[in-house]
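4 protein chains.
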Amino acid sequence: MAIIEVTVVPLGTGDTSLSRYVADCHRVIEKYNVKWELTPMGTVFEGELPMILKIIREMHEVPFDNGARRVSTTIRIDDRRDQVATIEQKMKSVKDKLKQED
Amino acid sequence: MAIIEVTVVPLGTGDTSLSRYVADCHRVIEKYNVKWELTPMGTVFEGELPMILKIIREMHEVPFDNGARRVSTTIRIDDRRDQVATIEQKMKSVKDKLKQED
Amino acid sequence: MAIIEVTVVPLGTGDTSLSRYVADCHRVIEKYNVKWELTPMGTVFEGELPMILKIIREMHEVPFDNGARRVSTTIRIDDRRDQVATIEQKMKSVKDKLKQED
Amino acid sequence: MAIIEVTVVPLGTGDTSLSRYVADCHRVIEKYNVKWELTPMGTVFEGELPMILKIIREMHEVPFDNGARRVSTTIRIDDRRDQVATIEQKMKSVKDKLKQED
Chain X
1 MAIIEVTVVP LGTGDTSLSR YVADCHRVIE KYNVKWELTP MGTVFEGELP MILKIIREMH
61 EVPFDNGARR VSTTIRIDDR RDQVATIEQK MKSVKDKLKQ ED
Chain B
1001 MAIIEVTVVP LGTGDTSLSR YVADCHRVIE KYNVKWELTP MGTVFEGELP MILKIIREMH
1061 EVPFDNGARR VSTTIRIDDR RDQVATIEQK MKSVKDKLKQ ED
Chain A
2001 MAIIEVTVVP LGTGDTSLSR YVADCHRVIE KYNVKWELTP MGTVFEGELP MILKIIREMH
2061 EVPFDNGARR VSTTIRIDDR RDQVATIEQK MKSVKDKLKQ ED
Chain L
3001 MAIIEVTVVP LGTGDTSLSR YVADCHRVIE KYNVKWELTP MGTVFEGELP MILKIIREMH
3061 EVPFDNGARR VSTTIRIDDR RDQVATIEQK MKSVKDKLKQ ED
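Chains as they are written, first to last, in the numbering used here: chain X, 1 to 102; chain B, 1001 to 1102; chain A, 2001 to 2102; chain L, 3001 to 3102.
Watch out, some of these pointers could steer you wrong.
Said to hold, decoys possible - Covered stretches of chain L (chain A as the covering partner; in silico rule of three or more C-beta atoms under 8 Å from a C-beta of chain A): (1) 3014-3023; (2) 3036-3043; (3) 3069-3078; (4) 3085-3091; (5) 3094-3100.
Said to hold, decoys possible - Cut-off 25 Å, straight-line C-alpha distance, at most; resulting in silico cross-link-like pairs (BS3-like, lysine-lysine): (6) B:K1031 to X:K99; (7) X:K92 to B:K1035; (8) L:K3031 to B:K1054; (9) L:K3035 to A:K2099; (10) B:K1095 to X:K31; (11) X:K31 to B:K1097; (12) A:K2097 to L:K3031; (13) X:K97 to B:K1031; (14) X:K35 to B:K1031; (15) A:K2099 to L:K3031; (16) A:K2054 to X:K31; (17) L:K3092 to A:K2035; (18) B:K1092 to X:K31; (19) B:K1035 to X:K99; (20) L:K3031 to A:K2092; (21) X:K95 to B:K1097; (22) X:K54 to A:K2031; (23) L:K3097 to A:K2031; (24) L:K3099 to A:K2031; (25) X:K35 to B:K1097; (26) A:K2035 to L:K3095; (27) A:K2092 to X:K35; (28) A:K2097 to L:K3099.
The hints are simulated quantities; they were obtained by calculation from the structure and are not laboratory data.
In this text, a Cβ means the ideal position worked out from N, Cα and C, and glycines have one as well.
Can you make the complete structure from the sequences, with help from the hints?
What follows is the structure, given as structure tokens:
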């Protein structure tokens, strides 16, 4: 299982507001049975790679479906195979370190 | 004011766990008077550009201070000047859109 | 057709040199009939989305096949549908602008 | 010395073409005494960190100076301190590996 961050941005739309596109991207991800969360800079979710790529593919189409003619999509995949890597475990691991050394 | 996401990763450390470095990066940002939050893929904070670049500079040094010899830092800046852009307002804007159209 | 940049990095390998992994990623892309080039920060290629995602999937596995247990992959997709967007045309467009205004 | 990749993109401009902004970003970097090159997905250059951050700061302002009201800037820093890391050496290293194992 990998953790992924996706940011899908339309270019040349004439409107500086992007929240409508972000909301539509979330509607895509909600259809899938994956753990996800909204961050101030994108959408983070976890899953197996074939599922992840399928979701990315669909999110990337959202602005085009809404009239955009150019889309910039940024993706970061954090894939760890020496232990189960979930969003929850990753966040817990950092918070534990912060507590330990305080 | 801009919103920024930073991910600082040491390369070639021989240890797949990075939470120690992430925790130390948060100790850097806590010293500054900026609004920030931990995400599963990095650290997000808001501020004026000179302050942002100063914090990035300091976070980027964290793994070197801990013995790393190569560091990969990824930064995304979302800078909006037609209205006040804060993490809180950006998150609210998407959530409002999600509610509206449900 | 879209233009894509991929950077595949193993984490926790104990060796700061990554050129071996980059070379193996290029062996993956050379098997496909796509236009690609090596940049100092990753691999850029152009193609249709299904092909692009297939290549990403395969490149992402390279470090795992070489013993890595954690891999960080960064992807940026620039997808333009109002005109044919190729690497060559995109580079030419910038160079023309640089000449024009000199 | 570090190697850096920067991509500066205006949002909400109403025009899908970005080459004008990219050309202006190159005019910024040409003023500095750094080794740089244009890639299909951004600008790559090498330098010491304080200089790098100064150049980023100036490139990030380019679209605002041209009327944009929102700018998205993506930066990746590859900083290696166990040996001199230059664009030239990094490219050579991968090409050597590709030759060796052919």
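What are the numbers of the hints the structure violates, in ascending order? 14, 21, 27, 28
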